[in-house]
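K.L.:
Next come the chains, spelled out residue by residue.
Number of protein chains: 2
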Amino acid sequence: MSWPENEENLEERRTRWRARHAESDAAAGIETTGNFTPFRQMDDVFTRAFWDERVRTKESDAFFDSYRADFTARRGDGFNQRDFALRNASWLISDLITDRHAGQGRREGFQAAISDDTPVVEEKVAIEDRAAMSAEIKKVARFFGASLCGITGYDERWTYEARVDVRDFSEAPVGLPEGLESVVVLGHEMDEGLVATYPSALAGAATGREYSHEAAIVMQTAAYIRALGYRAVASMNDTALVIPYALKAGLGEYARNQLVITPETGPRLRFSKIFTDLPLAHDAPRKLGVAEFCAICTRCADACPVNALPYGAPKADRPNRSAIQGVVKWTSDAEKCFGYWAKLASDCAICLRVCPFNRDFRRRTNRLWLRLALSPLRRLALWLDDRSGRAKRLRPRDWWAGSR
Amino acid sequence: MSWPENEENLEERRTRWRARHAESDAAAGIETTGNFTPFRQMDDVFTRAFWDERVRTKESDAFFDSYRADFTARRGDGFNQRDFALRNASWLISDLITDRHAGQGRREGFQAAISDDTPVVEEKVAIEDRAAMSAEIKKVARFFGASLCGITGYDERWTYEARVDVRDFSEAPVGLPEGLESVVVLGHEMDEGLVATYPSALAGAATGREYSHEAAIVMQTAAYIRALGYRAVASMNDTALVIPYALKAGLGEYARNQLVITPETGPRLRFSKIFTDLPLAHDAPRKLGVAEFCAICTRCADACPVNALPYGAPKADRPNRSAIQGVVKWTSDAEKCFGYWAKLASDCAICLRVCPFNRDFRRRTNRLWLRLALSPLRRLALWLDDRSGRAKRLRPRDWWAGSR
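Residue numbers (the working numbering), protein chains in the order written: chain Y, 1 to 404; chain U, 1 to 404.
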């Protein structure tokens, strides 16, 4: 279970990390403790569902089976054949990417980085102005469909100590090349209408569609960088934790529901990332006031059907091995959380639906609410949200009946 | 060069087709002559560029080479490394789909239909109301990102007599299964800002991105249908002509520039299609007034640098084998057209850029202009368009400098 290559000098690494990151961590709202230990992919709860009897159950096997394209079910509104059909079809492009090298143990995008589809061209474009290059990459990422894009520096602490080989769930080197000093973080907004139907198999189509979008967008943006003559490794949930990068790239702030809240899309966002040696200017983290809001709001924790979300202040304790060790933060109990997913045979994001920041900020009234929520008048914002009925679940049949 | 299976009874087929389609053709503005002959894929100008010395040149080889991911060039604004980089990266997902079975001679999406990625599930959803099912498929197609969706009946006249095996460019059976009685036509809007930069390699990113979108969207929508228990063959440029289907599905009307003009996106649209046995209600064709407008407008023909576009009224004559035989319509000279693409080392769509219908119809002033253009006051609309400067090319460097 250990990965000796790195394990032997963990203490030295911790000392180096403390010195190097203290200041920027504080700015991004990241706090680590003396026993900080990088995460290993084998500990993520989805991977544990294949090797750890504590997580693997008949229900968890049935959960994964329900994503098979020939699956049908009839279990009432939101869990009918149409609902599973839409959810499973929505995953298609992501599935196609993840399956390409699964035979060699690489489930790309989830348990291994996405292999380069295109070569790094020999001729490098000249880059005189890193800030202009960053603006260009953001423009290209948006052109390919990213909702948000931020750029920050590489930080080895967030790289997994090992990936897993999905043939036998043994550990294997992550294999991220040296010298990729920047990380481009892409945000992918999830569909508001479908998110409103959580919990349901139908709602899972919001997740699947964004994974499919994400795969295409991150691969195209990385291909663009390689065509400029620089290296670019496209990554989804694999290789490294993305949340600290999203925070350091200034995209948003970490919330009680384990999500990054952004002023543009609230928590309704997925992330992908690109590791690159393209010379880029880096964004600064932003303190928005989300942490102060979450301190007085427990909507997500109250709504969680299995009490997987924490009350109180951020803590360094972790409920089990599926959380990172030595980070002071709000940490969910991933075993409880995934146990509920398995029971539903679909992903649950009630905590996303009920979050007061889950709004469409293209609307002026919601932008006004946001200003209030991020101000000292946050209790008023919370009260207004309570009264609004915004968090109410949309019945899946009403989503289907809607005009779009 | 002949495909005996079908060839032997062409006269009988023509007689049957005349009887069967006369009425619906008239409604869709389709007119065929006595020598109508279905198209063969080997005659399309892109395929001819591989086997026909009349089309294949050093320039055409260089054209295809320029889409290789390791290509770089510096030829001035719009043709720099960045421009080719964006264009080539934009094709990535489409390339991935077309390359999957190229080793078996199937270049899917272009010279062969896309193989099913998912099975047809055994349990069929019950369909009581075909109109409701059509509305559902349109909703799902839009959810996956289609800009427009129309549905019409299968028509064997538009299916290619043969596809090509890209290993040796020999003919092979199209292999479309029997009994797929409906065709779902999806429209994919191209980026307005990039289209404004034609001719340029940069503009080709509008094409490539839409092919990548199109591949994902048509595959996901087809996977949805299969998950409802019905057959669905996803198709891009392969298998059959799509324009007559777009017309019969009521999406728009055929124009002098060889494109379908829709009231939603003008000519700035690509099409994909799904052949299916899902019970669906069909849309009716619509006469909009485009033909009457094109009759007085020659903007595209005037702007074409190689005079590939026709003046005058629709004709049955074809300039060469790359046009279908026996259809009365405005027909371009595909050899001249592609010759210019080869020279540019990128696709040209000046005829799309300059078309007076190339506008953003989300804007009220453009919707007002559209009403005028489709009314007897069309000469006034044309005059207004002339005066507006709308058709002016956006310099590629100005696209790059723009905020989005």
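Calculated directly from the structure, the hints in this document are not laboratory data. Treat each hint with caution, since some may be false.
As the list makes no split between identical chains, a pair holds if one copy fits it or if it spans any two.
Stated by the list, open to error - Here are the simulated SDA-like cross-link-like pairs (lysine to any residue), alpha carbons at most 25 Å apart as the crow flies: (1) K315 - G103; (2) K315 - A102; (3) K392 - D168; (4) K124 - A73; (5) K343 - D117; (6) K58 - A69; (7) K58 - H21; (8) K315 - N366; (9) K392 - G153; (10) K343 - L368.
Bear in mind the structure is a predicted one, so any value in this text is a computation, not a measurement.
K.L.:
Now tell me if each hint is right for this structure.
P.N.:
Results of checking the hints against the structure:
no. : hint        : result
1   : K315 - G103 : neither (40 Å within a copy, 55 Å between copies)
2   : K315 - A102 : neither (37 Å within a copy, 54 Å between copies)
3   : K392 - D168 : neither (43 Å within a copy, 60 Å between copies)
4   : K124 - A73  : between (53 Å within a copy, 11 Å between copies)
5   : K343 - D117 : neither (37 Å within a copy, 27 Å between copies)
6   : K58 - A69   : within (19 Å within a copy, 46 Å between copies)
7   : K58 - H21   : neither (43 Å within a copy, 56 Å between copies)
8   : K315 - N366 : neither (31 Å within a copy, 57 Å between copies)
9   : K392 - G153 : neither (40 Å within a copy, 42 Å between copies)
10  : K343 - L368 : neither (39 Å within a copy, 54 Å between copies)
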